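Colleague: So you can see what is in the structure, the chains are spelled out below.
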Amino acid sequence: MNPSSILFLLHEGYLNVRRNGLMTFAALGTVAVMLTVLGGSIWSVYRISEYAQHQPQTFNEVDAFMNTSSERDDTLAVMDRVKKLPDASVVHLVTREQAWQDITHQDPTLTESMPDDPLPDKLEIETRDAKNVQHLADLLRDKNAFPELEAVTDAGAEVRMMLAFARLVKLIGGGASLGLFIATMFIVYNTIRLTVFARRREIRIMQLVGATSWFIRIPLLLEGLFHGVVGAAVASIIVLFGGRHIAQFVEQLHSPLIGDVPTQATPLRVAACLILIGSFVGLTGSYLSIHRYLKHV
Amino acid sequence: MTSGAMIELKGVTVSYSADAPALKNADLCIERGEFVFIVGPTGAGKSTLLRLLYRGEKVTEGAISVAGYDLNTIANKDVPYFRRKIGIVFQDYGLLPNKTVWENIAFALRVTGAGRSETRRKVQDALEKVGMTHRPDALPGEISGGEQQRVAIARAIVNEPDLMLADEPTGNLDPDTSMGIVQLLKFINERGTTVLVATHDAPIVDSLQKRVVAIVDGSIVRDDERGLYRHQILAGKKGGAN
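Going line by line, the protein sequences match chains B and A.
Take the first sequence: its position 106, counting from 1, is numbered 106 in the numbering used here, and each next residue is one higher.
Take the second sequence: its position 124, counting from 1, is numbered 421 in the numbering used here, and each next residue is one higher.
The hints are all genuine.
Calculated pairs, EDC-like style, for lysine to aspartate or glutamate (alpha carbon to alpha carbon, straight line, at most 16 angstroms): (1) A/Lys355 to A/Asp375; (2) A/Lys396 to B/Glu202; (3) B/Lys295 to A/Glu354; (4) A/Lys507 to A/Asp521; (5) B/Lys295 to A/Asp375; (6) B/Lys84 to B/Glu124; (7) B/Lys170 to B/Glu50.
None of these hints come from the bench; they were simulated from the model.
The structure presented is a predicted model; accordingly, all values stated were derived computationally and were not measured.
Make the full structure from the sequences, and use the hints.
Modeller: Next comes the structure, spelled out in structure tokens:
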């Protein structure tokens, strides 16, 4: 194919888009709406998944309570031993006096009724990895290793629940996104088929004057690509705009569960991903639509 | 099967249903440079024959060659190249409504990969031949039926085809305009292109007195060297050739 023919085909693609204004508008609108729904779903699932993955990190703490009869020196000795454990990253001592002060500060009536400080020293231990909370807690509960400890609490159950939730979000969200992708593909295919159907006479004339299948196909593929890319660009703007507002709303909730979770879904990546999906859907949809009409030479 | 003739049919049958074939056991040979009218009433099989000749239809039985191509064995990928040797004119003109007169004619050249300067030269030449140099920028909807048919003919001849097929080219035109179109086809034939016109327009057939092939109910019933339309042959018995 010579450069003149390539320019001619590009020009034909441009004319197709321009001259079929209403069909172009309908196809673009459909692609944009479908990709907004698809993009919005993928983005939401991804973001929820990021939040869910991040949550266990807030449950990476083990609290170890000394016996009430233990002396401060015993506590400090235990603290040194705990620091040497491979799973422990930070160990913080909360003395019984601090704990008493905290409770007094929070609810003075509670401490007024108590004659003495019944609280034990407490060690707050952060694990290096949230997955190891359970393991560290089990180590500390071993009475042979740590007889000075009265009780050990951890968030192992919560961590397991959050990780299971993250997996569930990925699974259901991934399945729903796949279903939406197939639905988008089908709707775009039908929309482009309508535009091709409107031009079946033109296609027949092209065949009769000796146009090869690819010569007929290329302008229509370019048209499909245009629908996909422009539809995806519109969808990207809507998804990113909507996403920003949702993020702002979530921030306003000040929920301790949500916090400031960094995301991999940057605006550029979201737009690139949607344009890639749009291009694929537009090209595949138009190829399949045209194929039907080009079967008969 | 390929031969020196422009068109050769041997025992060709086209069937859409088993009991009523559209074309029955047709034998026909048309040499290069001939002008032939295919006549017959509506539904006789004229259009089926023409569709066969540009490979818009496949034979059910028999052998067919056109412009050196064996249409029984031609590959689908070769059909566009075969069609570039043929110019086709339809009763409804078959012009692209969104393209101007000039663009419609140029389109047939551009699909063959012709460059801009070649296209400009050949389109201008075709417009001159059909007498349409005055409206190159008009859309088909802005010109008369006769002018649209002239544009369709210009598009058909712009690739300098070996064969021109015209299916009822005067079907939508008044008698004076029809005669002008036929004179144009005769002019194209005189410049060396084989012309085949399917029609049931008796005055134009009788005025030119060229070769006439009559089809009734899918069978070739008459093949006259310099013939007339002759309604009684078409309406009545078959095989009553002169």
